[in-house]
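6 protein chains.
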Amino acid sequence: MFHHVKDLQFNARVSRPDPRFANLLLEQFGGENGELAAAMQYFTQAFGAKAAHPDKYDMLMDIATEEFSHLEIVGATIQMLLKGVNGDLKDAAEQSEIMVAMNGKAEKESVIHAALSANPQFAIITGGGVTPRNSQGIPWCASYVNSNGDLTVDLRTNLASESRAKLVYEHLMKFTDDTYIHETLSFLMTREVTHYKMFEAALNSISDNFPPGVLAADPRFLQNVYNMSAGTVKGPWNEGEIPGMDKNWVYVSDPIAQARETVGQTKLPDDFGKEVKDTEKLDKKMSKMKSMEEKKAEPSGVAQWSDYQNNKNKV
Amino acid sequence: MFHHVKDLQFNARVSRPDPRFANLLLEQFGGENGELAAAMQYFTQAFGAKAAHPDKYDMLMDIATEEFSHLEIVGATIQMLLKGVNGDLKDAAEQSEIMVAMNGKAEKESVIHAALSANPQFAIITGGGVTPRNSQGIPWCASYVNSNGDLTVDLRTNLASESRAKLVYEHLMKFTDDTYIHETLSFLMTREVTHYKMFEAALNSISDNFPPGVLAADPRFLQNVYNMSAGTVKGPWNEGEIPGMDKNWVYVSDPIAQARETVGQTKLPDDFGKEVKDTEKLDKKMSKMKSMEEKKAEPSGVAQWSDYQNNKNKV
Amino acid sequence: MFHHVKDLQFNARVSRPDPRFANLLLEQFGGENGELAAAMQYFTQAFGAKAAHPDKYDMLMDIATEEFSHLEIVGATIQMLLKGVNGDLKDAAEQSEIMVAMNGKAEKESVIHAALSANPQFAIITGGGVTPRNSQGIPWCASYVNSNGDLTVDLRTNLASESRAKLVYEHLMKFTDDTYIHETLSFLMTREVTHYKMFEAALNSISDNFPPGVLAADPRFLQNVYNMSAGTVKGPWNEGEIPGMDKNWVYVSDPIAQARETVGQTKLPDDFGKEVKDTEKLDKKMSKMKSMEEKKAEPSGVAQWSDYQNNKNKV
Amino acid sequence: MFHHVKDLQFNARVSRPDPRFANLLLEQFGGENGELAAAMQYFTQAFGAKAAHPDKYDMLMDIATEEFSHLEIVGATIQMLLKGVNGDLKDAAEQSEIMVAMNGKAEKESVIHAALSANPQFAIITGGGVTPRNSQGIPWCASYVNSNGDLTVDLRTNLASESRAKLVYEHLMKFTDDTYIHETLSFLMTREVTHYKMFEAALNSISDNFPPGVLAADPRFLQNVYNMSAGTVKGPWNEGEIPGMDKNWVYVSDPIAQARETVGQTKLPDDFGKEVKDTEKLDKKMSKMKSMEEKKAEPSGVAQWSDYQNNKNKV
Amino acid sequence: MFHHVKDLQFNARVSRPDPRFANLLLEQFGGENGELAAAMQYFTQAFGAKAAHPDKYDMLMDIATEEFSHLEIVGATIQMLLKGVNGDLKDAAEQSEIMVAMNGKAEKESVIHAALSANPQFAIITGGGVTPRNSQGIPWCASYVNSNGDLTVDLRTNLASESRAKLVYEHLMKFTDDTYIHETLSFLMTREVTHYKMFEAALNSISDNFPPGVLAADPRFLQNVYNMSAGTVKGPWNEGEIPGMDKNWVYVSDPIAQARETVGQTKLPDDFGKEVKDTEKLDKKMSKMKSMEEKKAEPSGVAQWSDYQNNKNKV
Amino acid sequence: MFHHVKDLQFNARVSRPDPRFANLLLEQFGGENGELAAAMQYFTQAFGAKAAHPDKYDMLMDIATEEFSHLEIVGATIQMLLKGVNGDLKDAAEQSEIMVAMNGKAEKESVIHAALSANPQFAIITGGGVTPRNSQGIPWCASYVNSNGDLTVDLRTNLASESRAKLVYEHLMKFTDDTYIHETLSFLMTREVTHYKMFEAALNSISDNFPPGVLAADPRFLQNVYNMSAGTVKGPWNEGEIPGMDKNWVYVSDPIAQARETVGQTKLPDDFGKEVKDTEKLDKKMSKMKSMEEKKAEPSGVAQWSDYQNNKNKV
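Residue numbers (the working numbering), protein chains in the order written: chain A, 43 to 357; chain B, 43 to 357; chain C, 43 to 357; chain D, 43 to 357; chain E, 43 to 357; chain F, 43 to 357.
Incorrect hints may have been included.
The list makes no distinction among identical chains, and a pair is therefore deemed to hold if it is satisfied within one copy or across any two copies.
[What the hints assert, rightly or not] Simulated crosslink set (SDA-like; lysine to any residue; CA at most 20 Å straight-line):
| hint | residue 1 | residue 2 |
| --- | --- | --- |
| 1 | 316 | 292 |
| 2 | 309 | 62 |
| 3 | 323 | 221 |
| 4 | 319 | 343 |
| 5 | 92 | 58 |
| 6 | 289 | 302 |
| 7 | 323 | 136 |
| 8 | 338 | 58 |
| 9 | 316 | 263 |
| 10 | 276 | 95 |
| 11 | 309 | 344 |
| 12 | 289 | 252 |
| 13 | 326 | 224 |
| 14 | 326 | 260 |
| 15 | 337 | 126 |
| 16 | 92 | 337 |
| 17 | 327 | 308 |
| 18 | 309 | 261 |
| 19 | 289 | 313 |
| 20 | 337 | 58 |
| 21 | 327 | 292 |
| 22 | 92 | 338 |
Just so you know, the hints here were simulated from the structure itself, not pulled from any lab data.
Isolated chain A, as found in the complex (with noise of 0.2 Å):
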């Protein structure tokens, strides 16, 4: 259950009207690094979490809560930006002044005139509001969300939301010289590297949590790099030791020789039995443990969501 405060959580302040920064600032609000994919994202993954990882489901919505809340604050500086646009379309049977500012005559400071240029939906759709759309009035969309049930998968995929939506934070600040959004970008900018942190403790506090998933990599494929295009580069991602692994890479430099004398990966040189074995058995260990860990947590009989006798106390 949500409760909402009119306060911001930062108090966003907007020096002056600023239709085309506005437009940018949607990037946030209905973009595919914004903030309302960064909540609906964690919200979505967390009823996921609930039943077998009660303390992720706790961190999960808290982040997915402040998220929502950052919509907010990012919504709020759009419409601020905005201001005028709606007093000038209302005036709707007086015409001239906006005509001379279409026609390129008029003051550079119009805000109508900016509003249109900037994205002529404000001007003819949103009456000069916010809009869940990105800064080319593509509509927000749920392919922007990435939740599969697995929080080995799902920090992962945080940890990455995080960084891009870090980066156009720092690509924003760049294009508006007023200091007040400049203080509330900074503030945003600055959660998303804390969440990043966040989510990199918490897959940390998971054992076994590479690869992610259950199953192990199949030994017989895995340290292979193929070279699929000519010429060489070597890198520590070709060359010496897988990170983390306790083996090493082995290069293919003709990967298309090595398939036909391969057939196709079927016939290795190598003998990979005992190591695949190992594998196998590792998976039925993992399978058991990971699919035991939601099986048990969940519980028996008629399902109750919410148990209000032990929340009484709380606020």
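Once you've looked at the hints, dock chains B, C, D, E and F against the given chain A.
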């Protein structure tokens, strides 16, 4: 700023897993008429209302917050309906049981088999969890959200949205016999009716709320009902008085001939001179009024969204 | 079956090319509140109405047909606003003039320069023609269309659609000073008002039209208004009488506490036993009535859509 | 301007409800190769053709109008295939029968059960009605429509569209044994063939219709066929004469080596000087001709779409 | 299996940065008629062709591979046109210069200013890089790809795709005066013409390639041309002989009357008995032939895609 | 430039047709975590890396090329799983067998019946072939691709993508008992793990890779963990040391009160003056360094992508 309470607004319970109904219920999580659509619509509309219409802002944010809370109820129900799926999936090295189910020889109760049939993504993408997509896998999309910066329009939009949401819950109730879920759906369905009535009351509280927007209808074209098809069926929508307009419908039984005779409505037989002039006057008056309403509510100088001082004692 | 007449319903004229306004006008050709959305919505709804509600079917098809005719008016206007673009593009071997325009040194009147600035696809994809996309290039999408098989819902949906379409025309009028286009837009805007009134009259002609759908609201949850945020603003939407319901709002000022005390609304302090029973009776009555209305209208045996015999003398 | 006649162009009939086939048929209502896609494509193309190619405009609008009429036939058939669904849904208070169906214990003939299995939205969103979505619930999208302002391109686009539409009807016919529907589908399939032939004849009537557009191919790169894969299969597409071009294919068997030897095609061994010059001349001639064709067809001064005077006597 | 060579197939060069043209060029990277659409279309079609039509498979995969190589050329050109943007963005702590540019007081040459104006996402999302979206930011979508499992259809689809792609390159050439880019575009445009001719030759090599698919047109409905609009313009598409069909068009000048008189085409005045029977015979023959073609090409038992043995000596 | 070899990288084989599994496998052909998404993501990222990070460019293009090769493996497997469907469809005049299957009376082995049940488009659109859509028919969409012009971000994005892709293969393996397919999926799953490790090694090889982007976190807001919900669960993500940051979490247990007391974080009790200054210095240093890295790598004057000279001896 949002705050989350772990108790649901309604005590969602589920008697037994039912992936097929979980899939149907996705319509109200990530579908076009679902809770996310409602929550995001009122939340988005609220930003534009805050300065000039703080009372409507309060109402919109309250209902948005309730819809987010309903989204959580729906998500929790779906998750409980999928109990067992993730546990089965995590048993990744054990396969025989599933294949028996896949080949149709298994008991009907196999939840993983039911999940796969209901929605392939439950089994291979969401890990037996909820997802902001509809019952056919279409990702939720901000095109479902309408927010146009005018309360006489936005509130009418909301009346329609609540009507559709109510109907979907009514239909959903037919497809489960779990009495716990029935209780939950009855609660959710009823809240849509309540919101409908709240929006209706709010719309009624605005004088001059018709036509939506600012400008009056053009008297030259308002009364005509064009008979665009062969055959005529009469009803109060094309004969008698126009509701609440003090005018009668004018039935144009052959619109093709009429268009030709009037040179595409530009040479009308009647003289509308006075009425057109009256409309222009009314338009100017309304423009001034509605425009002022917005403009005078906006602060001059630096804009600040929240006034932390005044809220100190509020919860 | 449709028939096309080359004369437009309104005599669309354009004083001079204006690609920027052409782009704005795309909102009403391929945008979410445009003529295609309206036409397809009423057309789709009409199929479901035909058997049981032939009078509403006639109305819906007539308005759909008029909206298709308006789509043509909008398309014709856009095409005229882009006069010259295709001719310039076809002059494919001659480039110098355009590049002068591209480099900003050209006269403002270069239509190809204006087209490219307004909408890159005018210059490289549509060949200076109209396209079913909105002012930001988003392809028209059937998510804009709502049709739910229930006239009390569909007609309310249409009231909202007409309200939004009206507002968009009102906004568009501010961005051109071409008096011919003003005339056209005034006609189109007014027709949305007329359709609004037609749908309103049709909705009024249905007895038992509230709540939309069949089932009554659950008396246990109907009257509550939950105060989901800090601070309270009172208005007719949360105090006094619920419009047309003969009941009063019940204001729940602390919904978190209320949820806990009532165990998520399942242990209510008041006894709603009688009211719930009355509602169930009403539901059964309405179900029978509304269901019969549909069922008895459907032919048994082979279904045939048209009865060519009866229409022989119709135009 | 459109006019609607309630008789369908083809006498669509249905022997018995069949929601599964109704769902398949959605492909031709709201699918990528369906009637709406065809209608909107020709309708959109027609606007650009009107000034300079009034004969093609007439053809495109006629076929567009026929496709809208076919859309109606398809919609009517789907609606009849869903007979009974809406009646069952409206029986909202009566649930037992459906649940029996849901649990698989019901007779196969339960139409609501069949509807839900075929397409969940038939049962919970569309109210047993048609919807502009495809057989998997994807909303129709204007990306299906191609209109590029050049008849040599548009007509080829249409040949492809008609080919695909024809094939889909052919496939659909395999999945019903209702002879009435067969008749309807045979009619619709055949019309696609007819339209194909009409577009072919129209394309043939344009001299200089190859290559599509205005500019000739660059003689330096036209004849080459690059062997981009291991192994060579010869056919008339890479050896012998290029159809209708009076030139032969040049087979480049090792394009990687060729790119290196020619510094990425910039140092060609052969001298194409004369041919390049001829092409430039041809390009200028064609540009002038095609550009003039457009330009001289456009009126100077105020543009007006319809000439009501001249049409007075037309039907 | 693919192999990559770092040399481009064409020596793409760029004289100077030009973010506006970079944005236009996105149409051919991530747009509906661009290289990714072409590559994915032929690649997808190739899978279905492999068993029964290995020669066409080879052609489709070769052209797909060439289109992927062209996608790389387009991407490289866009990246070079954005030179400097990423460097400016990474100078994240230095802002003054950009804001000068944002305020319009900067030199025209500021690449970051140009990037932001051309496409906001260049500046805040892609980091001055290429992206699989079109010139208006619409993400590339597989709806652009048509693959229908029938070469007489697929090849016609490809003729249309190549026609559109050719036209877009032609248009693009008008909007840059960089001679290096002209060379590149001339190469790419010409290759579309070459592919057109290859697909044409391949289609011609299939006997019985009309109508597309398997079934013949229904003789009862094939010849009719319906005059769906007021006014008649005659041309080879509605009078005289149907191209290549040995039959003449039958012009139905009043299709509404015709539909009524023939009870929706079901009571035709002419007797088509014999022709219908002939068509049925032909259909059976063609079905058997085309079906066998597919069936006998498919291996029985275990299916294996590649035969590594036979390819040993191939490059 | 790409080159294609007809042998697959892995010897994909299929024991028997299985349209249901073919449909599931579409997730990895045209789904959000599939091979096309991976291939296009790394391919797109590579363009931006080429100038300043040629070693990472080589790695990204190699992995992209391998993913395209995996896309081919997945497509080939789907095609083989649909063996027989196209042959049945082409038998267009023969219907009885299918209808028997449609009516549920047929043997389970009917492949066309299985295809239709698994995915209606297999039977009526794709002709029994593969399609770049997911298991629910959603067309692949470039929103799945993230490329942001910064390797510290892009590589983290890739770690997440590989994690999700690995999990999907793990899930898929549960739904088939065909050992040949198991082998293929085990290969593909393992390659995702290998790529994960390659990206991890590449990220580690970048010094200063945290936080992603250029700017440091704002010290005023970095350490706070806001308790956004009722109830507190402690873990390493909100108590103790922030991983690798030499700082401790600061737990804000009542963020609403904190926001009010600090006037929305603008009046903080602690003095961060020195830390803010240090951060500014660091930001300037990093900006200079990262910006230079890009700028000095870009050639001045004409840009040319490939240097054919140097590659002459490469394969």
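Tell me the hint numbers this structure goes against, listed in increasing order. 2, 4, 6, 17, 21
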